[in-house]
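Since chain H is already given, all that's left is putting chain V on it; use the hints.
Protein chains in written order, with my numbering: chain H, 10 to 434; chain V, 4 to 99.
Think of the hints as simulated: they come from the structure by calculation, not from any bench. Be careful, since some hints might not be right.
Below, in silico cross-link-like pairs of lysine to any residue (SDA-like), each with a Cα-Cα straight-line distance of 25 Å or less [claimed, not checked]:
no., chain 1, residue 1, chain 2, residue 2
1, H, Lys402, V, Phe57
2, H, Lys320, H, Arg236
3, H, Lys366, V, Ser50
4, H, Lys320, H, Val144
Part of the chain H face toward chain V, derived, beta carbon under 10 Å [claimed, not checked]:
no., residue
5, Ala355
6, Cys369
7, Asp370
8, Lys402
9, Gln405
10, Met406
11, Glu407
12, Ala409
13, Arg412
14, Ile413
15, Arg414
Using N, Cα and C, we set each Cβ at its ideal position, and we do this for glycine too.
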Amino acid sequence: MSNAPFCRDCLNFAASPMAGRCDACGSPRLLRHEERDLLAIAHVDCDAFFAAVEKRDDPALADKPVIIGGGKRGVVSTACYVARTYGVRSAMPMFQALKLCPHAVVIPPNGEKYRKAGHEVRELMLELTPLVEPVSIDEAFLDLTGTERLHHGSPAQTLARFAHKVEKEIGITISVGLSYNKFLAKIASDFQKPRGFSIIGRKEAPDFLADKPVGIIPGIGAAGQARLAKVGVTQIVHLREVPLKTLFEALGRDAQRLSRLAWGEDTRRVTPERETKSISAETTFETDLRSFDDLEPILWRLSEKVSRRLKAAGLAGRSVTLKLKDREFRLLTRTRSGLAPTQLAARLFEPARQLLKAACDGTAYRLIGIGAADLCDAAEADRGDLADQSVAKQVQMESAIDRIRDKFGAAALQKGIALRNKPQR
Amino acid sequence: MNTPLKRMNRDEAENVAVSAFAFITSDEERMGRFLAVSGLRPDTIRSAASEPGFFAGILDYVASDEPLLMALAKELDTKPEHIMAAHWALSPSEFE
Numbered sequence: 010m011s012n013a014p015f016c017r018d019c020l021n022f023a024a025s026p027m028a029g030r031c032d033a034c035g036s037p038r039l040l041r042h043e044e045r046d047l048l049a050i051a052h053v054d055c056d057a058f059f060a061a062v063e064k065r066d067d068p069a070l071a072d073k074p075v076i077i078g079g080g081k082r083g084v085v086s087t088a089c090y091v092a093r094t095y096g097v098r099s100a101m102p103m104f105q106a107l108k109l110c111p112h113a114v115v116i117p118p119n120g121e122k123y124r125k126a127g128h129e130v131r132e133l134m135l136e137l138t139p140l141v142e143p144v145s146i147d148e149a150f151l152d153l154t155g156t157e158r159l160h161h162g163s164p165a166q167t168l169a170r171f172a173h174k175v176e177k178e179i180g181i182t183i184s185v186g187l188s189y190n191k192f193l194a195k196i197a198s199d200f201q202k203p204r205g206f207s208i209i210g211r212k213e214a215p216d217f218l219a220d221k222p223v224g225i226i227p228g229i230g231a232a233g234q235a236r237l238a239k240v241g242v243t244q245i246v247h248l249r250e251v252p253l254k255t256l257f258e259a260l261g262r263d264a265q266r267l268s269r270l271a272w273g274e275d276t277r278r279v280t281p282e283r284e285t286k287s288i289s290a291e292t293t294f295e296t297d298l299r300s301f302d303d304l305e306p307i308l309w310r311l312s313e314k315v316s317r318r319l320k321a322a323g324l325a326g327r328s329v330t331l332k333l334k335d336r337e338f339r340l341l342t343r344t345r346s347g348l349a350p351t352q353l354a355a356r357l358f359e360p361a362r363q364l365l366k367a368a369c370d371g372t373a374y375r376l377i378g379i380g381a382a383d384l385c386d387a388a389e390a391d392r393g394d395l396a397d398q399s400v401a402k403q404v405q406m407e408s409a410i411d412r413i414r415d416k417f418g419a420a421a422l423q424k425g426i427a428l429r430n431k432p433q434r
Numbered sequence: 004m005n006t007p008l009k010r011m012n013r014d015e016a017e018n019v020a021v022s023a024f025a026f027i028t029s030d031e032e033r034m035g036r037f038l039a040v041s042g043l044r045p046d047t048i049r050s051a052a053s054e055p056g057f058f059a060g061i062l063d064y065v066a067s068d069e070p071l072l073m074a075l076a077k078e079l080d081t082k083p084e085h086i087m088a089a090h091w092a093l094s095p096s097e098f099e
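Just chain H, same shape as in the assembly:
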């Protein structure tokens, strides 16, 4: 294996370690790093994925600012890099995005198309290694340890070849981060977008991280940053300096993990997961129940549980299944499909409630369950467009309630099922 830089366009090695351009094709995109051939954990992220797929399918959009998202009342789901130069960002309200970039082409999301492209990228990843851990429709971690002989090259070369192949065969671009653990690989992939390839080695990691804001650590959102700022922690280097006790007070049990990450240590493995087909929750009763009034509040709590699981997985459901088991252990399932994608408990509950009403014919049930299936990306869920402001209100209410339950909920939830509260309508 050579330590000379190699070209990310034609994949040839440069003759001189100091080369500025590829000898073979003249490209300046040379990949060099002293630990390049020793690192095997990668994070691959598709660049402005939804917008890239749309541009691929309509070349007239190539140099136009493209925004994927709902109507005027919706939010930006993805903005292409041209639109980003105008300040348009994901999750920005559409009216604000259009104020910044009035000539943008707004395209409603086409989940089916994105899922197909995402699946194609995933298939190509699985040709490199079975250790692919999808994070969402357009990003995944890959562990390429021990693949050198199989692919006749270092993981870095294999990944450069892969990026090339994705561009050629699928028609979109990706950015690659390569390091020795997931935390740093993820940071690296974000570094040079689009069409990036960044490497963070063991030697440089502590220095590299030192002056970065704590917000780059996954899981440290605005609230976590605010709590850390109160104890004087704004940069990663501060995490190394404050006593662990102070960190514990600010973050609870996350403190230990964070202080390790601050030194670039992350022991999480790349774990391939089977794709989730449905998310559900069920419960068995101590005594059989037959009345709608008894079953309804339980169904509500299960809807909440499914909603929380969907939110945690970044998914939304387009069909809802009600499951009931009678005292003879006969299973009854009823499904409502073709729903607008949702993660909200109330919107999962409503169709299930109607199904339950129809199933309450005097039969005594010993189990009830609710599942969300036909899953899609959370980005497609609960859009407050189509003049339906109540959805936006519902989303805001649920996230406020989730915050309360995240903070105080764990203990109190234990006996929740036994309580007979009127469920939400």
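Quick look at chain V alone, frame taken from chain H:
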């Protein structure tokens, strides 16, 4: 002479209440105080939130705590009177 509060429709008032609720829950201390005063628990909050009086209750709570009212007005970039108008729209006095 006191200027009467501007009339606000129910929808607009509920939006103010939702923003107030989001504001309260965005801070741990505020959230804790709210739960303590309201007697709500994490496992009952969602069903309580679906009761017709919940929005009015939120604004009632805000209206009874002046520093909170001022902080919320600042956050929403509005006048405290606007929040009071929402409170009034959701829980009109008996003379209404």
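* Per-residue hint verdict: H/Glu407, partner chain V, C-beta under 10 Å -> Since chain V brings a Cβ to about 8 Å from H/Glu407, closer than 10 Å, the hint holds.
inquiry  = Please check whether H/Arg412 passes as an interface residue: C-beta within 10 Å of a C-beta belonging to chain V.
reply    = 4 Å, holds
The hint names H/Ala409 as touching chain V; please verify it with the least Cβ-Cβ distance against 10 Å. 4 Å, holds
**Prompt:** Any CB of chain V closer than 10 Å to the CB of H/Asp370?
**Reply:** This interface hint is violated because 26 Å lies over the 10 Å limit.
Check the hint pairing H/Lys320 with H/Arg236 against an upper bound of 25 Å on the C-alpha distance. Satisfied, since the Cα-Cα distance of roughly 23 Å is no more than 25 Å.
Given hint V/Phe57 paired with H/Lys402 - CA-CA distance at most 25 Å = 14 Å, holds
- Message: Quick check on the hint: H/Cys369 CB to chain V CB, less than 10 Å?
- Response: Violated: closest Cβ of chain V sits about 20 Å from H/Cys369, beyond 10 Å.
Identify whether the interface hint at H/Gln405 stands, where standing means a beta carbon of chain V within less than 10 Å of its own.
-> Nearest chain V Cβ about 5 Å off; hint holds.
Given H/Lys402 as an interface hint, is its Cβ closer than 10 Å to any Cβ of chain V? With a closest approach of 5 Å, the H/Lys402 hint holds.
* Is the straight-line distance between the alpha-carbon of H/Lys320 and that of H/Val144 25 Å or less? -> Holds: H/Lys320 and H/Val144 sit about 13 Å apart, inside 25 Å.
Would the hint linking H/Lys366 and V/Ser50 be met if the CA-CA limit is 25 Å? 19 Å, holds
Minimum Cβ distance from H/Met406 to chain V below 10 Å? 6 Å, holds
Of the numbered hints stated above, those contradicted by the structure are hints 6, 7, listed in ascending order.
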